[in-house]
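Listed below are the residues making up each chain.
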Amino acid sequence: MSSISMLSMEDQIALENQLTAFLQKSESNWSAIVDKGGNLFVQSGDTGDLDLSILCALAAGSFAATHELAKRLGETDFSALYQEGRSMSILMMALEHECLLIVVFSLQTNIGLVRFYAQQLTRLINEGLGAAYQSSLTAEPLQVEGDFDGSERSVFS
Amino acid sequence: MAFINYSRREIQLKIVYYGCALCGKTTNLISLHQRINSNQKGELVSLATDADRTLFFDFLSLSTKTLPGFNTRFQLYTVPGQPVYNTTRQLVLKGVDGIVFVVDSHWDKMAENVESFSNLQDNLIQNHLTLATIPYVLQYNKRDLPNAAPIHYLEYTFNNRATKVLSYEAVASKGDGILETLNGVARLLLAKYSKSAGANSNVDVTAAGKAAAASTT
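Protein sequences appear in the order of chains D and E. First residue of the first sequence? That's 1 in the working numbering, and the numbers climb one at a time after it. First residue of the second sequence? That's 1 in the working numbering, and the numbers climb one at a time after it.
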């Protein structure tokens with residue numbers, strides 16, 4: 001299954017709406033779709049001052065490490081990872097196209113409810129990701145004006 | 001793999017600092033974090049042991065507006081250099097867009113450097129990549145050591161290929177050469193999106209590498 005290299009505005013809005021509806025039903029705080037490299041695709045909800053880049057990088061790394069551990073224990077299927085916290089908990093679920101669903105929720109709800117709606121959501125999101133993947137195959141590559149390869153040009157200073 | 005979000009007008013690119021144990025990968029990120037403007041950087045995260053040895057990875061997110069109309073977010077990762085953590089290195093390489101291979105200039109570290117370079121190539125294959133298809137630069141770190149190997153020796157050992165790549169001298173602990181290294185790999189990645197540079201970044205990387213290598217002393 002190939003990974004997705006771009007997301008159009010339409011795909012973004014459709015996926016975001018699905019996450020928002022899921023947050024309302026499951027009473028979760030925040031939800032996101034990231035790829036297994038840690039790139040943030042879509043997110044909905046509130047995480048306060050948390051740096052989302054860090055959150056996504058750690059989630060992708062954590063899921064990958066536990067997946068590898070499960071494989072070494074002989075498990076052939078690894079679809080979800082749950083961390084139960086005192087006030088905030090995290091559920092991660094594998095999606096198609098090398099993506100990952102991350103859900104952060106508080107004591108206001110419970111893992112049973114979150115997982116129930118998350119399983120429904122993954123089916124919907126997989127369809128959306130499939131459509132996004134198909135459109136990324138035929139999309140024109142991004143090209144903008146400018147010579148970024150100039151040897152003297154500084155990207156960071 | 002690079003990810004473009006048209007709705008947020010954002011491009012996300014992943015750069016991995018690779019090299020043998022204690023070659024200065026984490027020091028690169030620490031020094032970059034100290035020097036780069038606060039509006040361009042996020043928090044530096046280190047998953048390390050109590051002895052400050054990298055256990056999983058270090059992570060630093062940097063943003064730039066270099067590409068007109070887009071915010072480009074470079075996600076910088078290091079790998080743990082110790083041989084025992086090879087599975088972790090394979091995981092960190094998932095979705096990599098560009099690599100900085102950090103070479104420890106100390107004579108006594110040459111065997112470890114060579115082994116790490118070979119390990120990088122093996123791990124890229126695990127991720128369906130090769131050095132011929134992924135943009136990368138070399139950084140010869142710790143140039144201030146009295147017993148540092150000469151540059152021509154390092155070039156012969158690590159950059160002796162049909163297509164030479166950009167290489168930089170550095171003293172990461174003092175911040176020397178670290179921005180040049182990052183800018184070098186960042187430009188290679190951004191060139192892919194330049195109309196004037198064409199769509200095939202690998203061709204451009206090769207051309208840039210040849211030009212730069214010729215001017216490297």
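A couple of the hints might just be wrong.
Listed next, the stretches of chain E that the computed footprint assigns to chain D, with coverage defined by at least 3 CB atoms under 8 Å from CB atoms of chain D [unchecked claim]: (1) 40 to 46; (2) 59 to 65; (3) 86 to 98; (4) 104 to 115; (5) 136 to 149.
No lab work stands behind these hints: they were computed from the structure. All figures in this text were calculated on a predicted structure; none of them were measured in a lab. Glycine is no exception: its CB is placed at the ideal position from the N, C-alpha and C atoms.
Hint by hint, here is what the structure shows:
1. 40 to 46: That given contact holds, which follows from 4 residues of the segment 40 to 46 of chain E lying within Cβ reach (below 8 Å) of chain D.
2. 59 to 65: Our answer is that it holds, as 4 residues pass the Cβ test (under 8 Å) against chain D, meeting three.
3. 86 to 98: Holds, because 7 residues of the segment 86 to 98 of chain E bring their Cβ atoms closer than 8 Å to Cβ atoms of chain D.
4. 104 to 115: violated (count 0)
5. 136 to 149: Per the Cβ count (0), the hint is violated.
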